[in-house]
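*Asks:* On the provided structure of chain A, position chain B as indicated by the hints.
In the order they appear, the protein sequences are chains A and B.
So that you can map any letter, position 132 of the first sequence is 132 in the working numbering, and since no number is skipped, the others follow by simple counting.
All you need for the working numbering is the position in the second sequence, starting with 1, plus 287.
In short, the hints are calculated from the structure, not lab data.
Computed from a prediction, not measured in an experiment: that's the story for all the values here.
For each residue, glycine too, the CB sits at the ideal point set by N, CA and C.
Take the hints with a grain of salt, since some may be wrong.
[Unchecked claim] From chain A, some residues computed to sit far from chain B (all C-beta separations above 12 Å): (1) Ser100; (2) Thr190; (3) Ser238.
[Stated by the list, open to error] Beta-carbon label-pair distances, calculated as ranges: (4) Leu571(B) to Leu266(A): 50 to 56 Å; (5) Lys318(B) to Gly117(A): 43 to 49 Å; (6) Tyr102(A) to Gln335(B): 31 to 37 Å; (7) Glu548(B) to Leu270(A): 36 to 42 Å; (8) Glu548(B) to Ala103(A): 29 to 35 Å; (9) Lys318(B) to Leu270(A): 57 to 63 Å; (10) Ala134(A) to Lys331(B): 25 to 31 Å; (11) Gly261(A) to Gly476(B): 20 to 26 Å.
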Amino acid sequence: MSDGLLQQLVNGLSAGMGYALVAMGLTLIFGVLHVINFAHGELYLVGGLGTVLLVSHLGVPYMAAVPIAAILAATAGWLMSQIAVRPLLGRRDPSAVMLSTYAVSLLILQTVLWAWGTAPFRIAGVEGSLEIGALIISHQRLTLIGVGLAMLLFIEWLLRRTRYGREVRAVAQDAFAAHAIGIDVSRVRTMAFVLSAGMAGVAGALLVPITLFSPLMGQNVIIKAFVVVVLGGMGSVSGAVLLGIVLGLLEALLGSVMTSGFASALIYSLLIVALLFRPQGLLKTVR
Amino acid sequence: MRIKVKKIAAIGAALTMALSMATSAAAQNIKLGMTMPTKTLLGKQAVQAAELAVEMINAKGGILNGRKIELVVYDDGNSPVEGVAASQRLLDRDKVKVIMGQISSTVALAVLPLAKVEDVIFMPIIPKHNGVTATGYDKVFRLNSTVAMDGAVFNDYVATQINPTKITFIGENSDFGRLLETSLSTAFGKSKMGFVGFYDLKQADFNSLVTDARSSGADTLVVGGAIVEQYANLVRAAREIGFRPRATVMGAGTLNRRFVELAGPASEGAVSVDIYVPTLDTPLNRDFVTRYKAKFGVDPEKIEALAFEAPWIIAQAMERAGTATDTKRIADVLHSNSWEAPRGTVTFDKTGQALSKSFVVHVKDGQILRN
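Chain A on its own, in the form it takes in the complex (with noise of 0.2 Å):
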């Protein structure tokens, strides 16, 4: 039984990074443009199938795959921002840019689903796997999770010992001062936007092996990713980590001992009395 709870720690632990990964992004963009990304999921979607065609059809190795999966994903962020997110900022509505990213998110899954049809893949990723005892982790989950915690660890060193993370917390505090003072607020705004998809890019390269590739799986994943961006804080990203491997382990030892969907009702009962008592998040936000 003690190796079956250990298994499920270990179980927890990687599909919670699965969700921090995701949440991370998402979370990044509220803080900085005060809006919700609903097109993040496709973002991710973008990374999966990037590295399904690099992998299967180019035959790039996996491991050199997702840099590059993350960087078409941070491009098509970079065209995101440009089109459908840049020229609706200025307006009194936040709505606008809501909808608009609403738009952007059919029209990606759309053309993927036009592109690609509906057919499942899968790739294998890091092969192999780490076993000790009776617990086995493999090696595509170890990856997971240590490109997560550096993942982190690179944003919280770059949004606090940087210029343009100095700049980042200024516009998010405030747009406008942060441009009476000098700094460029619509750069910072698209740096943030591309940085964001890249990393939504790099969750769907790392996942898309341990879930396989469906054009559905960002919209499977994104109701998760606003959960843990709500509960860790609107804009906190490591709020959203440490939010996001809670929610993976307490669904993994849950499993034990009720059914799934019960558990996941419970989880989701905790957004609520999270939203009443604490509705700045758990945590509060980092700026």
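*Replies:* Chain B in isolation, oriented as in the chain A frame:
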């Protein structure tokens, strides 16, 4: 003399008219109606298979003294509303006497009353809901097996061939998964059931479920999923964490080529029951598989085999009944004869349910074979 010429001319004209009418009747195509979700992969493949059957029948000279079959297909979008509209169009515009098709039971159940009112032959191809053949309409002929038929064969196989000491069940949280779990625990008793888990339709990570399955000490894993990327990934996850049950049994009709592709080596040894596999060794099936593969580049599967079967059987029944319009005669002939199809010999019971042999299939060296 002039009168005589007129008479001959009149007779000649009448003869020519009669002849031309006869030839136009012989040349007139027989329209068979079909609705399918043509924008989906499954629907598209099903239509391709039906077209192949029509092509083969016409290449042999058609039916009823050389009349050609013409397949008229409309999109039903997997939706009851669109399905009824498509069927209405088949009846009004194309004047068909036969409506075949559908993937979804809801669509078939919605079209059924319309077929009944118009007194046409209705042949649902893929729908599995028991209700499709339960209305008492004598011109409905369903090709796929029902959930109940599958369940009986499935439980019998698990009991007699696997004889599990403990069963763990993981299935999707839907009718499909829930019904299979109920049927299993009724047949084997709660005491034989180890861990029972359900996953939701958006789940993509199954490690925690298969870890619980492993911990419960079961020797037989039963997987009840309908969405192949999910249940294939589940079987892969079981292998990943080192859960190797004595038997991995997939829900009836879910062990297909895509499952083997997606689950990869983890699919090796998985078993299930089904009514068709492309490796069946009958002359008609070999012919069908070869032609389908040559034309479309992939092996056909059950959906394609059943979609092929629909116009294939209807055409033979029309030929034997000597009519393309008398639906009562055609229905009688369908009921009272047996039919050769890619899956083997098919007969219809009095409710119109197709009966054919269900058999056990397993994966060996990446191939799906009949036991």
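*Asks:* Next, verify each hint and record whether it holds.
*Replies:* Hint check:
Listed as a non-interface residue, serine 100(A) keeps its Cβ farther than 12 Å from every Cβ of chain B; the least gap is roughly 25 Å. For threonine 190(A), the non-interface assignment is confirmed: its Cβ lies about 31 Å from the closest Cβ of chain B, beyond the 12 Å cut-off. Residue placement check: serine 238(A) keeps its beta carbon more than 12 Å from all beta carbons of chain B (closest about 23 Å). A C-beta distance of roughly 54 Å is found between leucine 571(B) and leucine 266(A), which places it inside the suggested range of 50 to 56 Å.
The beta-carbon spacing between lysine 318(B) and glycine 117(A), approximately 30 Å, falls outside the hinted interval of 43 to 49 Å. Taken as a hint, the range 31 to 37 Å holds for the pair tyrosine 102(A) and glutamine 335(B), whose Cβ atoms sit roughly 35 Å apart. The given range of 36 to 42 Å is respected by glutamate 548(B) and leucine 270(A), whose C-beta atoms sit roughly 38 Å from each other. With their beta carbons about 34 Å apart, glutamate 548(B) and alanine 103(A) fall inside the hinted range of 29 to 35 Å.
Taking 57 to 63 Å as the suggested C-beta distance range, the pair lysine 318(B) and leucine 270(A) conforms, at roughly 59 Å. Hint check: alanine 134(A) to lysine 331(B), Cβ distance near 46 Å, so the stated range 25 to 31 Å is violated. Checked against the hint of 20 to 26 Å, the pair glycine 261(A) and glycine 476(B) passes, with Cβ atoms roughly 24 Å apart.
In this structure, the hints that do not hold are numbers 5 and 10, in rising order.
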